[in-house]
Amino acid sequence: MPAGAWFDDDPAVGLDNRPGWSGITGVLSAGIIRGVVVGARSHVATDTAQFTALKVLIRDRGGFLATIDTVAVHPDHQHQGHGFATRPLPVR
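Numbering (the numbering used here) for the sequence shown: 49 to 140.
No lab work stands behind these hints: they were computed from the structure. Yeah, the Cβ is synthetic: ideal placement off N, Cα and C, and Gly gets one too. Please note that the accuracy of each hint is not assured.
What the hints assert, rightly or not - Here are the in silico distance ranges between beta carbons for each label pair:
| id | residue 1 | residue 2 | range |
| --- | --- | --- | --- |
| 1 | Gly110 | Ala60 | 28 to 36 Å |
| 2 | Gly110 | Asp57 | 26 to 34 Å |
| 3 | Gly110 | Asp58 | 16 to 24 Å |
Taking the hints into account, I'd like the entire structure generated from these sequences.
Here you go:
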């Protein structure tokens, strides 16, 4: 069960200045959550290098950063009519 959901209205604002991101880093640092899942890399980074650096930063603090658009789903585990899985498979 997710610990919470945070949203920011203006993706053009840098992460350090977003109230939602501040909430996420607070609960991540406190150990309340172990990771962050975003809809797409572009929600938190302008390019792959920035996303990778952010992933490393979160990983070094004991957490993870994942995107929904990188989860591979085996067809046998997909709900009828939905784009989500009962058991995501690791991306290789």
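Non-conforming hints, listed in increasing numerical order = 3
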